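Asker: First to last, the protein sequences are chains A and B.
Going by my numbering, the letters in the first sequence line up with residues 45 to 345, in that order.
Going by my numbering, the letters in the second sequence line up with residues 35 to 267, in that order.
Just so you know, not all the hints are guaranteed correct.
[Claimed, not checked] Restricting the straight-line Cα-Cα distance to at most 30 Å, the calculated cross-link-like pairs of lysine-lysine (DSS-like) are:
(1) Lys39/B x Lys211/B
(2) Lys88/B x Lys59/B
(3) Lys42/B x Lys139/B
(4) Lys187/B x Lys110/B
(5) Lys103/B x Lys42/B
(6) Lys88/B x Lys77/A
(7) Lys77/A x Lys39/B
(8) Lys204/B x Lys39/B
(9) Lys103/B x Lys77/A
To be clear, the hints were calculated from the coordinates, so they are not data collected in a lab.
Predicted model, so just to flag it, every value in this text is computed and none were measured.
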Amino acid sequence: MDFFIQQLTNGLTVGGIYALIALGYTMVYGVMKLINFAHGELFTLGAYIGFTLLVTFNFTGLFGTVIGLGFSVILVSCLVAVAGHLLERVAYRPLRHSDRLAAVVSALGASIFLQNAIMLKWGAQRLAYKPNILPNVSVNIFGQPMPFIRILVFLVAVFVMFGLYIFINRTRTGMAIRAAAIDQGAAKLMGIDVSRVIALVFIIGPALGGLAGLMAGLLYGPINFNMGQIYGLKAFTAAIIGGIGNIQGAMVGGLLLGLLESMGAAYISVAWKDGITFMVLIVILVFRPTGLLPERVAEKL
Amino acid sequence: MLELKDLKVAYGGVEALHGITLSVKEGEIVTILGANGAGKSTTLMAVSGLVPVKSGEICFQGERLDRLKSHAVVEKGITQVPEGRRLFGSMTVMENLKLGAFTRKGAIGPQYLDRVFSLFPRLEERGHQMAGTLSGGEQQMLAIGRALMSDPKLLLLDEPSLGLAPLLVKSIFETIKSINESGVTIVLVEQNARAALKLADRGYVLDVGYLVLEDSAKNLLNNPQVKDAYLGA
Ligand SMILES: Nc1ncnc2c1ncn2[C@@H]1O[C@H](COP(=O)(O)OP(=O)(O)OP(=O)(O)O)[C@@H](O)[C@H]1O
Ligand SMILES: [Mg+2]
Chain A
45 MDFFIQQLTN
55 GLTVGGIYAL
65 IALGYTMVYG
75 VMKLINFAHG
85 ELFTLGAYIG
95 FTLLVTFNFT
105 GLFGTVIGLG
115 FSVILVSCLV
125 AVAGHLLERV
135 AYRPLRHSDR
145 LAAVVSALGA
155 SIFLQNAIML
165 KWGAQRLAYK
175 PNILPNVSVN
185 IFGQPMPFIR
195 ILVFLVAVFV
205 MFGLYIFINR
215 TRTGMAIRAA
225 AIDQGAAKLM
235 GIDVSRVIAL
245 VFIIGPALGG
255 LAGLMAGLLY
265 GPINFNMGQI
275 YGLKAFTAAI
285 IGGIGNIQGA
295 MVGGLLLGLL
305 ESMGAAYISV
315 AWKDGITFMV
325 LIVILVFRPT
335 GLLPERVAEK
345 L
Chain B
35 MLELKDLKVA
45 YGGVEALHGI
55 TLSVKEGEIV
65 TILGANGAGK
75 STTLMAVSGL
85 VPVKSGEICF
95 QGERLDRLKS
105 HAVVEKGITQ
115 VPEGRRLFGS
125 MTVMENLKLG
135 AFTRKGAIGP
145 QYLDRVFSLF
155 PRLEERGHQM
165 AGTLSGGEQQ
175 MLAIGRALMS
185 DPKLLLLDEP
195 SLGLAPLLVK
205 SIFETIKSIN
215 ESGVTIVLVE
225 QNARAALKLA
235 DRGYVLDVGY
245 LVLEDSAKNL
255 LNNPQVKDAY
265 LGA
């Protein structure tokens, strides 16, 4: 039972990280019908910028834990958002009216470019977030000692997802994003500036992905320049589970995949952890490519 | 109010409009007729800024429109009800109406909603229903209602009678008339030529990208060429 609860919370926390990354894939796909293959690298960038702020500059030491961490979260999100915006400008916007394939190739190119840029800037060897960035305390949940960082990461993920949900479903701008995802032409006829919607999606998605990178660093410690590949693929799987283009779906898919993975690692074999993800991806693509959520919700962004 | 001068539009390398000149005066109902593929929808899409203009001019109230982005055209006061309605099917009736008022920056005066609901009381009852689950007639009402939410000066209607039963067509045309009487200028693209000409002040006839006829609606109704080709009598 104790072991089960540990795996459960572990799964939900990793799942929260997957969900945050998956949101970037799904929002961009929703509006542009394009998989942003460079999204995993934006996640990596977030992890590295976080490393610079929290380890190199020692933000939590300078400003105290709460302010230092808060600062880092905001800075990482903003800087990765800027990177995402530039990516859209340089790699995707000039190709908006060209072939779909051209955009895909451009996305792959951007991914390789970013990965190499990160390697050149921070080096090819792995770095590690220091374990003493946050106070090493545990909280008791169901009588189980739980590392504070695990709970924090999960809560931040849930909080951010809740905020995004409200933004998408309750605000005028959120409505414009949903409309552009359903029918770009019709959205234009409503007077929506679809270019701005696309730009916005390329700001929100990367901000969330960057934040996820920072949290993955805090949670696990070691980071390396190609970590975005595996995380990206997993988050992409999460987006597919929820039905690509579907925001709620990405949230559910991320959490589900995190749980599946940690339970699989615990009760089947750790060696199968990644294998399970890709089995899920293949099974879903073959049997239910629109995702696990019901059809009608799936077309809703 | 609206003037097209020698308008040419091409899709890729293929020219779809070979130089259209037409004008719409304030307060009029002008209809554009033509067979399938004549270029009627293309003309409206060019005005709305959704297809790029190859050459020629589009002027609205003395201002050039042909280099504006589509959202700026809506802000100038031109709203289109596109062919096939293009509703946001997985959003509610209310959300569709709110999107229609998008250019009003969230300041949706209750008068706009009231106007739509008094034209189409059915929509008020169905405010929370998904637009995609409405009947065809209701969808057309919503498409027109959504366009009115932007409080347009000029309303472009692309085949509003498409797929509707005759009785409904009649009521939609009456609604168009009353919208016009409330001060909205209207361009009406129709396959249903007889009904359109009865409603309109003037008409233009397009044929494979060329403008072939223009006259008052009354004259067009009696024009033997038009009778042969479009009135089926
Ligand atoms: N997106 C597009 N890409 C390429 N060609 C197009 C496109 N849209 C329209 N065309 C072509 O332009 C021409 C005019 O089409 P348009 O839709 O304007 O005709 P229409 O008069 O509205 O016909 P209908 O009565 O069938 O709606 C047609 O030959 C059509 O094939
Ligand atoms: Mg047409």
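Asker: Now tell me if each hint is right for this structure.
Answerer: Taking the hints in turn, this is what the structure says about them:
1. Lys39/B x Lys211/B: holds, 27 Å
2. Lys88/B x Lys59/B: Within the cut-off at roughly 24 Å; holds.
3. Lys42/B x Lys139/B: Roughly 33 Å separates the two Cα atoms, so the pair is violated.
4. Lys187/B x Lys110/B: holds, 8 Å
5. Lys103/B x Lys42/B: Satisfied, since the Cα-Cα distance of roughly 17 Å is no more than 30 Å.
6. Lys88/B x Lys77/A: holds, 27 Å
7. Lys77/A x Lys39/B: violated, 36 Å
8. Lys204/B x Lys39/B: violated, 33 Å
9. Lys103/B x Lys77/A: Distance of about 21 Å is within 30 Å: holds.
In this structure, the hints that do not hold are numbers 3, 7, 8, in rising order.
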